[in-house]
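Asker: Here is how the chains run, residue by residue.
2 protein chains.
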Amino acid sequence: MNQALRDELRKIVGETGYLAAAAIAERRADMLGRPGELRSEALVRPASTAEVSAVLRACHAARQPVVVHGGLTGLVRGTDAGPGELILSLERMDRIEEIDPVSRTATAQAGVKLQALQEAAGEKGLMFPLDLGARGTATIGGNVATNAGGNRVVRYGMMREMVLGLEAVLADGTVVSALNRLIKNNAGYDVKQLFVGSEGTLGVVTRAVVRLRERPRGQQVALAASERFQGVVALLRQVDQALGGRLSAFEVMWREHYELVTRPPATSVSPFAGAHPYCVLIESQGDADAAPLAGALEAAQGAGLLADAVVARSQAERNALWGIRDDVGQLRRLAPIFAFDVSLPIAAMEPYVAGVRSRLAAKWPGAHCSTFGHLADGNLHFVFAPGSADEETRRAVEEIVYLPLEAIGGSVSAEHGIGLEKKRWLRLCRTPEEIALMRALKSALDPLGILNPGKVIDPAA
Amino acid sequence: MNQALRDELRKIVGETGYLAAAAIAERRADMLGRPGELRSEALVRPASTAEVSAVLRACHAARQPVVVHGGLTGLVRGTDAGPGELILSLERMDRIEEIDPVSRTATAQAGVKLQALQEAAGEKGLMFPLDLGARGTATIGGNVATNAGGNRVVRYGMMREMVLGLEAVLADGTVVSALNRLIKNNAGYDVKQLFVGSEGTLGVVTRAVVRLRERPRGQQVALAASERFQGVVALLRQVDQALGGRLSAFEVMWREHYELVTRPPATSVSPFAGAHPYCVLIESQGDADAAPLAGALEAAQGAGLLADAVVARSQAERNALWGIRDDVGQLRRLAPIFAFDVSLPIAAMEPYVAGVRSRLAAKWPGAHCSTFGHLADGNLHFVFAPGSADEETRRAVEEIVYLPLEAIGGSVSAEHGIGLEKKRWLRLCRTPEEIALMRALKSALDPLGILNPGKVIDPAA
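Read top to bottom, the protein sequences are chains A and B.
Position 314 of the first sequence, counted from 1, bears residue number 314 in this note's numbering, the numbering being contiguous throughout.
Quick note, this note's numbering runs 1000 ahead of the 1-based positions in the second sequence.
Check each hint, because a few of them may be wrong.
Short, incomplete list of chain B residues facing chain A, as computed with Cβ under 7 Å [said to hold, decoys possible]: (1) Leu1132; (2) Ala1134; (3) Glu1161; (4) Ala1178; (5) Leu1182; (6) Ile1183; (7) Glu1214; (8) Gln1241; (9) Ile1346; (10) Val1412; (11) Arg1430; (12) Thr1431; (13) Pro1432.
To spell it out: a stretch of chain B is covered by chain A in this simulated footprint if at least three of its residues, at any positions, have a beta carbon under 8 Å from a beta carbon of chain A; those stretches are [stated by the list, open to error]: (14) 1414-1422; (15) 1436-1446.
Cβ-Cβ distance ranges computed for the label pairs, FRET-style [unchecked claim]: (16) A:Glu399 with B:Asp1289: 28 to 38 Å; (17) B:Asp1289 with A:Gly136: 39 to 49 Å; (18) B:Arg1063 with A:Gly14: 52 to 62 Å; (19) B:Pro1101 with A:Glu317: 32 to 42 Å.
Think of the hints as simulated: they come from the structure by calculation, not from any bench.
Heads up, the beta-carbon is just placed ideally off N, CA and C, and yes, glycines get one too.
Here chain A stands alone, though its shape is the one from the complex:
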């Protein structure tokens, strides 16, 4: 980066808006916390959309590559930055601009933390339904850029379904104001869709309008155990039918993972006496009491689908059951680990999981393999701890997890995105024509390729 550009950027964002290499090196690029992933000489923290625009205009003129940073809770090396790359962080644009309780929308700057928006909505008797473990750190801009998912997609969809409007800045500094607040708006192409889930490669999200929901009158939580995977699948349909629209989470844990998070040193305790191949956390939102959920589980038990089940009777019990599902922190004890985030048709899930687990076990006998996930969405997480994290091991583990997905119509990323980490596997789950179209969009919106270069896709050959 040349001195003239550096001076210009400093002038645009001011002294508090500019960080140099030493301060940057103290940061982590993402939740993985690998050393040396942020090697930039400069980081700018613009305080307004106008400043973001001016920064990008200057970078565009100088053909300066830019890496966009939100809350840095990613898992796919989407925010790594090399020595020649400028980092643009949205962290100072952290204002909730409006909560409209009549239209039930919120307008927030990109740097607003997810949890801050959840709480602001709650204060008005409303709810922003996106929720994920990193809520205290992840930002709305990052949630948009990565099309965040989380625990309640079965009911509310992903971030894409919650975004009504966006403001984004293109690579050349053009501000595209598409701050629609309407649930229905078919006036021309819905251009905001371009920026959702494109991981900062097509534009920089600066503001978003999101749809809010009424705050549910009650939340009911149960934990069910089943001996058979097909019992779990049948349970999903039965419970979804019985709750008639109130099912808000259906989180399955395979035994090896369940034991990890319910035995010391983990602090959660299983409510079940014995061990079961599958445990499912079920949540409904909107029921004032537990009777509908309990009734649905009794019916499932009567149909032979369940080995055991408990329904929480207090907020403390609800928190305790969610605590089992949320304690993925136990996986850190097993480091080094590889974390996967695949999706696949539910009908293909049982043989796929069995195949992956047995191939991993054959190659790394005794290594821990956690399997859990959002079954209703077809989304599974694997966390595997083979005792080593070198590139050769990574490649071998990835082949076992990813290669079978191609034949069954699965995806290498349900929700984490592609970043740098999964780029080589994109071809397993997207057709050559889809990838060519992605490249055409990249060329149309960022012809010089300065936005997050090399992330998600490689430029056209």
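Please build the complex by placing chain B on the supplied structure of chain A, with the hints as guidance.
Answerer: Same frame as chain A, now just chain B:
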């Protein structure tokens, strides 16, 4: 269109797949049924994606403009075709390829009728929640291309939210297979979004994978009357909170429209003794009995929000109440009419409607003006019958309805789309940067401009 191209097209689609001018002139372009809107010399009806691809390859080589036809139930002149334009109809691609009851998805060709898909899902105990009056004629491909909305958007979203995967053919004949079946798939850009709601200008949708839901155990319907618009707005929030996720329709009718559809010669009868400024049809899906809905209405009545309310006690009564809302056919008695489909923030709705109605009444005293719509989505329909349909009248009516939308963040099209009819008004609800981006997408995907030329946006100057 030259003879060589005609011969080539005839060879691709065969004799049953080819229609000439006389047969075309018997068709109507859309629900408006204007004369002379289909002036093409040729219409092709390909029977497969491969044939669609071959047709477009040939047209691309010859720079032949192509207008895409689905079920022809549009309202914005999106399917008009001039003498030099080839019509490509998807009507022969009408096969439901798969209903997967485990992953709860359906795969259908573009020409499948909406109602056929609804019924096929129902036979498997599932539901495809998109629903609109033209269900027997509208097609899945058209629903995708126009991002169809309808009566249950408040609960299930628009067609965009239901489409998991698409197959589309680009202007040059490239088949983009993006037939994702997964609820969560963040592997690169979600390119299918380009084709949803772009009215056939960026590609021809040939197949779609859609998400299905469990068939609700019950449907409850009520009709409520209120003296004040603010009562209706408060009722929406109260009922939505009380039903906790089961509210599936909230349809408001202003008095002038309500009287049109509940007095002879209309066959519906109002369940209320007196007349009220606002009547609201409320539906919940998923409740086996009417108690929750009745309870919510009692609470609203207790809070002084309602003047009257009835809850249907049988399927016949439910059908009767929906019959009031569905009998938009009464509007045909008033022909010639202008039909509008705007959306705007709920907080701006009361003064906007009052202003539009009073300006229309001032200019055309005594002319009928129906106002009704999907209030929860901010979507209102106006149907105005000034007694004349000439261009000058149209322009004057459009100015009264559309111009105030700019200042309040409204849209000239909530769900019908832009087509030819609303193109001149697009600038009221999209920024210049959004429109420039639409043009950039059009140039990137259809550089020769052969797909639905002149629809939605004009090419870059």
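Asker: A separate judgement is required for each hint: does it hold in the structure or not?
Answerer: How the hints compare with the structure:
no. : hint                                : in the structure
1   : Leu1132                             : 12 Å, violated
2   : Ala1134                             : 15 Å, violated
3   : Glu1161                             : 5 Å, holds
4   : Ala1178                             : 5 Å, holds
5   : Leu1182                             : 5 Å, holds
6   : Ile1183                             : 4 Å, holds
7   : Glu1214                             : 5 Å, holds
8   : Gln1241                             : 5 Å, holds
9   : Ile1346                             : 5 Å, holds
10  : Val1412                             : 6 Å, holds
11  : Arg1430                             : 6 Å, holds
12  : Thr1431                             : 5 Å, holds
13  : Pro1432                             : 9 Å, violated
14  : 1414-1422                           : holds (count 6)
15  : 1436-1446                           : holds (count 8)
16  : A:Glu399 with B:Asp1289: 28 to 38 Å : 54 Å, violated
17  : B:Asp1289 with A:Gly136: 39 to 49 Å : 42 Å, holds
18  : B:Arg1063 with A:Gly14: 52 to 62 Å  : 53 Å, holds
19  : B:Pro1101 with A:Glu317: 32 to 42 Å : 34 Å, holds
Comparing the model with each earlier hint shows violations of hints 1, 2, 13 and 16; every other hint is respected.
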